[in-house]
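Sequences listed follow chains A and B, in order. Counting from 1, one number per residue, gives the positions in the first sequence under this note's numbering. Counting from 1, one number per residue, gives the positions in the second sequence under this note's numbering.
None of these hints come from the bench; they were simulated from the model. There may be inaccurate statements among the hints.
As the list claims (entries may be wrong) - Derived contacts from chain B toward chain A, CB cut-off under 8 angstroms, selection only:
#1 W10
#2 L44
#3 V116
#4 W205
#5 M264
Said to hold, decoys possible - To be clear about the criterion: a stretch of chain A counts as covered by chain B if any three or more of its residues have a C-beta under 8 angstroms from a C-beta of chain B, and this derived list gives those stretches:
#6 55-68
#7 72-78
#8 149-156
#9 161-170
#10 267-278
What the hints assert, rightly or not - Chain A is nowhere near these chain B residues, computed Cβ spacing over 12 angstroms in every case:
#11 D61
#12 R96
#13 G126
#14 G244
Note that the Cβ used here is the ideal one computed from N, Cα and C, for glycine as well.
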Amino acid sequence: MSTINYKLRKKVSLGTRYAILLGWLLFCIMPIIILVMASLKPTSLFQTIPQILSFSGFTLENYTRAFRGGNFMLYFRNSMIISFSALVVVLIVCTPMAYGITRLPSMRQRNIVVFSVLSTRFLPYVVLAMPMFILFRQIGISGTLSGVILAHLAMQMPMIVWLMLGFFSGIPIEVEEAAVIDGCSPWQTFWRIALPMVLPGLNAAAILALIISYNEFLFAFFLAGRGTQPLTVGITRFVGGVDVGAQYGVVAAYGSLIILPIIIFALVVNRYIVSGLTQGAVKG
Amino acid sequence: MSTQRYFRPWSFILPGALLGIVTLGYPVYRAIFYSFHAVTMRRLGEPVFIGFENFTRLFGDHLFVRSIVVTINFTLGTTVFAVVFGLLIASIMSTRGIRGTLKARFFMAFYLVPFVTTQVVTGILGRLYVWQSSYGLVNHLLDRVGISGPSWLTNLDTALFATVFTNGWRMTPLALLIFYAALATIPDELVESAEVDGASTFALWFRIKFPMIRFHLGFVSLIILTSAFREFDVIYGLTGGGPGRSTEVLSILVYRLGVAQGNMGMANAVSVTMLLVISVITIIAVKAGKLGKMSD
Chain A
1 MSTINYKLRK KVSLGTRYAI LLGWLLFCIM PIIILVMASL KPTSLFQTIP
51 QILSFSGFTL ENYTRAFRGG NFMLYFRNSM IISFSALVVV LIVCTPMAYG
101 ITRLPSMRQR NIVVFSVLST RFLPYVVLAM PMFILFRQIG ISGTLSGVIL
151 AHLAMQMPMI VWLMLGFFSG IPIEVEEAAV IDGCSPWQTF WRIALPMVLP
201 GLNAAAILAL IISYNEFLFA FFLAGRGTQP LTVGITRFVG GVDVGAQYGV
251 VAAYGSLIIL PIIIFALVVN RYIVSGLTQG AVKG
Chain B
1 MSTQRYFRPW SFILPGALLG IVTLGYPVYR AIFYSFHAVT MRRLGEPVFI
51 GFENFTRLFG DHLFVRSIVV TINFTLGTTV FAVVFGLLIA SIMSTRGIRG
101 TLKARFFMAF YLVPFVTTQV VTGILGRLYV WQSSYGLVNH LLDRVGISGP
151 SWLTNLDTAL FATVFTNGWR MTPLALLIFY AALATIPDEL VESAEVDGAS
201 TFALWFRIKF PMIRFHLGFV SLIILTSAFR EFDVIYGLTG GGPGRSTEVL
251 SILVYRLGVA QGNMGMANAV SVTMLLVISV ITIIAVKAGK LGKMSD
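Construct the complete structure from the given sequences, taking the supplied hints into account.
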């Protein structure tokens, strides 16, 4: 009896459950939709939400003004240089490191190294950015791209090592031992045997690192100069420099140009983001 | 194992360890060093040792104490928001008929959008279009049900709520995703047999589901807690710490003291205080994490 009741209840509520999920979907993307729609409406007047969401009166004037007045291409180039340089260095250095840690012979050594990685995992970014702000001035790399990239390395390293630790510890060491017996050097074993097995994990780590670097604001805000700032700093200077009241639409266009590429990218590579974010949580 | 020595693990670790010492270890050391010195923009290269003076001045300043309170509210508020809503939506998504379907995957892809959206743009977008008093989305919706909303971001009493809500919006996807993955690992038979035995929804959650995702609850709370604690971008974009410092968390205070006012000794003293807090949290997490390891 109770089973029948239960099934009835579930059947009736399936529609309700989908309604809630749909409501949450709207909650997640509504602000984004408003920003994009607002960017396509004339700058000159304040718009109410129904005006913003109406499918009429579209214009691209905000975009032309954002490109012209906001140095968009220069800041976009900076964003790309910072994100990809940091990514390449971090992957080259951190992937072997994570591999090495999982292959340490003693549990004690492994725990010590893992703890030192973990101790930097939750470091507040200002703890790094504030001294870097001073140090970079002293050694003369203040306001350069390399300074910002260095800061991004500090930000990415703990996360990438942590992620790759999880992926490497998931593969059986016996395969590598067989490779060693067949005469592979340590480097060959890593490159030909271990790395191909964690390739999906490596993809996930690289994608997360790219998204985090592209979105990063704090370090660039502290350390970049006028000509070396990425888009995230560019938009705040842009907001501050003009009378925002009259320029809502241009800021919306600028914001849309920043977030749409990263959102579309994230939707395309969704599978990897899911595996990257759940790594360590679900597999332990 | 003898072959494990053959792998020469330390040669793989060395480059990363060196880079870590340069980019993480040294700045942290300098932060602690500067926190015991008077450092100003004019005399950047000549820090003067002043012992604990930065700290005593800081803890005697009610604005610093207030910033701590704001940080605690912001951090806990974000965590509670993300865990509650993440768990709610994840539990609906993991019910039979929805879990594992193409629709579920579609929903999940879009649920991650707030998390990947550039944080500082989230803040600016919140300021211009969501919380704005006369044209914003929130007050527009409130208007339609006959409530006239406050001017959220210029009101001392409501700005922090709006800030927590905005950051909660951003962090919930992470909680949702991990809870969904965790709930999916609970075998159907277990839940079904409990239901057949007449277990109430309450009992089902507190006797079966919560104990089984205990590790994940801890993990998600830790990640969101620590990430909200260091949050800067969303708050800077949304309120810049205002109005009247009502949303000035410690990260923003470091910026204001160090970069805007040029008092870098004090700024580093604030960040060293943050460092101490996060170290305590990390140590607790490592100790408790031993319990968590049982689940894999």
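A quick look at each hint next to the structure:
1. W10: 7 angstroms, holds
2. L44: 6 angstroms, holds
3. V116: The hint holds - V116 (chain B) has a Cβ within 8 angstroms of chain A, the shortest such distance being about 4 angstroms.
4. W205: Violated. Min distance 15 angstroms.
5. M264: 6 angstroms, holds
6. 55-68: violated (count 0)
7. 72-78: n = 0 at 8 angstroms, threshold three: violated.
8. 149-156: With 4 residues closer than 8 angstroms to chain B, the stretch 149-156 of chain A meets the three-residue bar; holds.
9. 161-170: violated (count 1)
10. 267-278: This one holds; 6 residues, not fewer than the three required, reach chain B with a Cβ under 8 angstroms.
11. D61: 18 angstroms, holds
12. R96: 7 angstroms, violated
13. G126: For G126 (chain B), whose nearest Cβ neighbour in chain A is about 7 angstroms away, the distance does not exceed 12 angstroms, so it is violated.
14. G244: At roughly 19 angstroms from the nearest Cβ of chain A, G244 (chain B) sits farther out than 12 angstroms, so the non-interface label holds.
The structure does not agree with the numbered hints 4, 6, 7, 9, 12 and 13 stated previously, though it agrees with the rest.
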